[in-house]
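Student: In order, the protein sequence lines correspond to chains A and B.
Position in the first sequence (first residue = 1) + 196 = this note's numbering.
Position in the second sequence (first residue = 1) + 421 = this note's numbering.
Simulated from the structure, these hints should not be mistaken for laboratory data.
Since this is a predicted model, take the numbers as computed values, not measurements.
Treat the hints with care, as some may be off.
In silico PhoX-like cross-links for lysine-lysine, where the CA-CA straight-line distance does not exceed 20 Å [to be verified]:
no. : chain 1 : residue 1 : chain 2 : residue 2
1   : A       : K266      : B       : K554
2   : A       : K231      : B       : K667
3   : B       : K667      : B       : K709
4   : B       : K531      : B       : K692
5   : B       : K689      : B       : K531
6   : B       : K554      : B       : K531
Short, incomplete list of chain A residues facing chain B, as computed with Cβ under 10 Å [what the hints assert, rightly or not]:
no. : residue
7   : G227
8   : V247
9   : L253
10  : G331
11  : R456
12  : W459
13  : P489
14  : H544
15  : P555
16  : D556
17  : V559
18  : D608
Using N, Cα and C, we set each Cβ at its ideal position, and we do this for glycine too.
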Amino acid sequence: MNARLVILAIALLASSAPLVQAEDAPVDSLGAFFKGLADSTDASYGTQSVVFDTTGLDSLAAGALSHPPKVKRRSGSLQLAPLLGYHRAEGTIVGLTSRIGTPAAGWVSMGGTYSFGNQQARYAFGYRRTLLYHGLRRTAALVLPGRILDGATRLDVNIEYARSSLAFMPEHAGHRLWNIEPVLSGRGSASLYEQRGITGSLTLWTGDWRFVGGARHVNEDPMYIVTDWTLFHAADAAPPNTLAKDEEFTEPFGSLGFRRGDWELAGLIDARGGGADRWRLRGVLAKALRFGPSLKINTQIEAGATAAIAPRQRRFEIGGDRALPSIPLGTGGTDHLLVAKFEFIEAHDVLRAIGIGHPDWLVLQPMATFQSGVVWDDPAGRDVVFSMPPSAAWRSSAGVGLALRLGVPDPDTMMRFYLGLPVGPDAGKTQLRASLSTAFDLLGPL
Amino acid sequence: MNSTRLIACALALATACTIAHAGTPGTLPKSPLKGVPGGPTLAEEDTIPIPSALLPVYEVTASRVSLDEILRRVAEGETHRDSLMLDQSYTLSARITYLDADEKAPTGAKTRVEYAGKVYKKRPDKVREIPLKQRSDFKDQGEGFDMGAAPTMREQIASFAFEPRARGRFNFQIDDRRIVAGHVVYIISFKPRSALDGLPEGRAWIDTNDFVIAREEFWYHGVSPAPLFFKRIDSCVVERTKVDGKWWVVSRILARVQVTSMARLFAKMAKEPLTPTIDFVGTQTAWKINQGIDDSVFVAARK
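Given these sequences and hints, build the entire structure.
Tutor: Here it is, written out as C-alpha cells:
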C-alpha cells in the first residue's frame with residue numbers, strides 16, 4: 197500500500213509539472229524561441245569558434261576588484277613610421293615619425309625628415325592631451341586625433357614646435373610626403389615655403405560641431421628649386437617654386453566646422469588674423485545628393501578672401517585635382533576665390549559589368565566631375581571680404597574616370613583615376629589625374 | 422508514514438511548486454489598467470449567440486500599427502532602456518579564430534586570441550575594465566586586447582539601423598510577425614537605400630512588449646565596408662537576453678569576415694599571415710544591473 201501511495205505521490209508531483217509549465221509557458225517559450233535561433237547560429241559558426249575556455253573564469257571574475265589578476269600588458273609603446281617623399285625644392289626626402297604616450301598623460305609626437313636636395317632638416321615636436329571627454333569610446337579613441345562623433349564631446353590642447361615645408365594654397369595641395377605625383381611629373385606638386393615656430397591651440401568637438409582656437413608665432417622663408425628630375429616630362433623644365441615673402445609674425449587663428457552624417461552636410465569657416473595686411477578667411481559648404489539607389493553627387497562650394505596686400509603664401513590658387521584639375525597648381529595668387537565642384541559617382545562595378553575578371557578588392561566605380569571657379573583681385577584694390585568676381589575670369593573643367601573606394605581611414609576615402617578636361621577658354625589642358633581623398637576633399641578632416 | 426500523510430505531502434509539494442513557479446520573475450507583468458491582463462490580448466468570439474440571419478454583419482476595420490510607428494517606438498524603447506540603467510557589471514569574453522570558411526565548410530580553425538575581462542560601468546561616464554585572462558599567439562601583442570568597453574549603456578551594435586539619425590539611410594520592411602508566449606515579436610528587415618553608403622543589410626527581432634531589439638543579424642554581401650581589406654562579412658549576429666526579467670542586454674556577438682587577397686598579402690608581408698576567414702565571437706555574461714556600484718571602483722581605474 198505504502199509503495200502504491202509513494203508511486204501515486206510521485207505521479208501527482210509529475211503531473212503537477214506540466215501544470216506549472218503551462219503557467220510559466222509564456223516566459224520559457226520566448227526564451228526557447230530565441231534559444232532556438234542561437235542554436236542555429238552556433239551550428240552555422242561551428243564549435244571551433246563559439247566554445248570558450250571558461251576554466252577558472254568565475255572565480256577570477258568574483259575576485260576581480262579585490263584581487264585583480266596580473267595580466268601582462270603593454271601600453272604607451274613607441275610607434276615608428278617611415279616618411280618618404282620627393283619635391284623639386286627639396287629633392288629626395290627621408291625620415292621617421294613617432295608617437296608615444298597614454299590617454300592620461302597625453303601624447304608626444306616627434307617627427308623628422310632630411311632632404312638631400314637642399315640638405316636641410318625638417319622636424320616637429322608636438323604634445324596633445326585630451327582635457328575632457330564624454331562619449332562612446334574613451335581609451336581607444338584618445339590615441340587618435342579627435343573627430344566629430346555622434347554623442348561625443350572632447351576638448352584637446354595641442355602645442356607644437358616645428359620647422360616645416362608648407363604648400364601654397366594648402367587646402368588644394370594634397371600630401372607633401374608619400375605623394376607619387378612629384379616623382380612622376382614636375383607639374384604635380386604645389387610650391388613650398390619654410391615655416392618655423394610654435395603653435396598652440398584648443399579644439400572642442402561637441403555634437404556635430406568643431407571649434408578651434410589658437411595662436412602661433414612663426415617665421416616664414418622662401419624655398420628655391422634644387423632639382424628638375426622627374427620620371428616623366430624630364431625634358432620639360434620643372435616649374436619654378438613660387439617664392440614666399442620672408443616675414444616673422446604672431447597671429448590668432450580659429451575655425452568653426454560642422455558635419456552631420458545623416459544629412460550628408462558639412463561646412464567650415466576658417467579664419468586667420470595677423471592684422472590688416474595678413475588676415476585670411478575661407479569657407480566651404482558641402483552636401484551629398486542622391487538620385488536613386490546607385491547615383492550620388494558630392495557638391496562643394498568654396499570661397500575665400502584675404503587682405504589686399506597679403507603675402508603670396510596666404511593668397512588663393514585655383515589649380516589642382518581638388519579644385520580645377522585641368523589647371524596646374526600655382527595658378528592664381530589673388531585675394532579672392534570662388535569654386536563650385538560637383539562629383540558624380542555611380543555604384544556599379546565597371547569591370548564586372550563589362551565582363552573582365554578582377555581581384556575581389558578592385559571594385560572600380562564610374563565617376564564624372566565638373567568644376568567651375570574663379571580667382572581674382574578686387575578691382576578697386578579694397579581690403580574686403582565680399583567682392584564681385586569678374587565674369588570673364590571664370591574657368592571650368594570636367595573629368596571622367598573611375599573611383600576605387602578604399603573605406604580606410606574614412607569610410608568614404610576613395611582613390612580616383614580620371615581625365616581632367618578643360619571646358620571653355622583659359623582652362624588649361626587635358627591632364628591625367630590620380631588622387632586619394634574623401635568625398636568632401638575641400639573640407640579636410642573635421 | 423501513513424498513506425494520508427503521504428498524499429497530503431505530495432499535494433502540498435505540488436501546490437508549493439506551482440506557486441513558486443508562478444511567482445518567479447519573468448511572468449507577464451500586470452497591466453496598469455484594472456481588469457486587463459498583462460501582455461497582448463487576442464480578441465475572442467463573443468459567447469452571446471447572435472442571430473446572424475436577422476442582423477446585418479458589419480466588418481470592423483482598425484488601423485494596424487504602421488511600420489513608421491514601430492520604428493519610432495523601437496527608437497523610444499531603446500532610449501528608455503538605456504535611460505533606466507544606472508550601473509552595470511558583466512564578464513566579457515572574446516575570441517578570434519582564423520579559419521578557411523569561404524563558401525565551404527570550415528577547415529583549419531586556429532584560435533588566435535582569447536580574452537576575458539570584468540567590466541563595470543556607471544552613469545554618467547564611468548567605466549572600468551579589469552582583464553582576467555588573455556591568450557594570444559600574435560607575435561606583436563601590442564597594447565593588450567583591452568576591448569575598450571565604452572562608458573555608455575547604449576548598445577548601438579544592436580540598434581544602429583534604428584537610431585533616428587541612421588533610419589533615413591535604410592529601407593525597412595516587416596518580414597514576419599509572431600506571437601510567442603504572450604509577446605508579439607516583429608521581424609523587420611532593413612536594406613541600405615544607396616549602394617554607395619557601405620552599409621549592411623539585415624533583420625531584427627523586435628519584442629513589442631518593451632519595443633526593444635531582442636536579436637539582430639546583419640551582413641555585407643554585395644558591398645564591403647572596406648573593399649581593400651574585407652571581401653564581405655558573411656554574417657554578424659547580435660543576441661540579447663533578458664536579465665532580471667526586465668533588462669534586455671547584449672549577451673553575444675558573432676561575426677564571420679572574409680578577407681581579400683590584398684589584406685592577406687599585407688599580412689604576409691607583416692609576417693602575421695591571415696586565413697581567408699576570421700571569426701569573432703564575444704560574450705557578455707554574469708550581468709548585474711543597478712546594483713549600486715561604488716564610485717571607488719572607478720577611482721582605482723584612473724590610477
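Student: Can you verify the interface hint for H544 of chain A: is its Cβ closer than 10 Å to any Cβ in chain B?
Tutor: holds, 8 Å
Student: Holds or violated: is there a CB of chain B closer than 10 Å to the CB of G227 of chain A?
Tutor: holds, 8 Å
Student: Minimum Cβ distance from R456 of chain A to chain B below 10 Å?
Tutor: holds, 8 Å
Student: Holds or violated: is there a CB of chain B closer than 10 Å to the CB of L253 of chain A?
Tutor: holds, 6 Å
Student: If you draw a straight line from the CA of K231 of chain A to the CA of K667 of chain B, is it 20 Å or shorter?
Tutor: At roughly 18 Å apart (the allowed maximum being 20 Å), K667 of chain B and K231 of chain A satisfy the hint.
Student: Can the hint on D556 of chain A be confirmed by a CB-to-CB distance to chain B that is less than 10 Å?
Tutor: holds, 5 Å
Student: Grab the minimum C-beta distance from P489 of chain A to chain B and call the hint holds if it beats 10 Å, violated otherwise.
Tutor: Where the cut-off is 10 Å and the nearest Cβ of chain B is about 5 Å from P489 of chain A, the hint holds.
Student: For the pair supplied as a hint, K266 of chain A and K554 of chain B, is the alpha-carbon distance within the 20 Å limit?
Tutor: At roughly 9 Å apart (the allowed maximum being 20 Å), K554 of chain B and K266 of chain A satisfy the hint.
Student: Need the status of pair K531 of chain B, K692 of chain B: alpha-carbon distance at most 20 Å?
Tutor: Since the Cα atoms of K531 of chain B and K692 of chain B sit roughly 17 Å apart, the hinted pair holds (cutoff 20 Å).
Student: Need the status of pair K667 of chain B, K709 of chain B: alpha-carbon distance at most 20 Å?
Tutor: holds, 12 Å
Student: Measuring from the C-beta of V559 of chain A to each C-beta in chain B, is the shortest one below 10 Å?
Tutor: holds, 5 Å
Student: Mind checking the alpha carbons of K554 of chain B and K531 of chain B for me, to see if they're no more than 20 Å apart?
Tutor: Holds - the C-alpha atoms of K531 of chain B and K554 of chain B are around 18 Å apart, at most 20 Å.
Every hint, counting from the list given before, is met by this structure.
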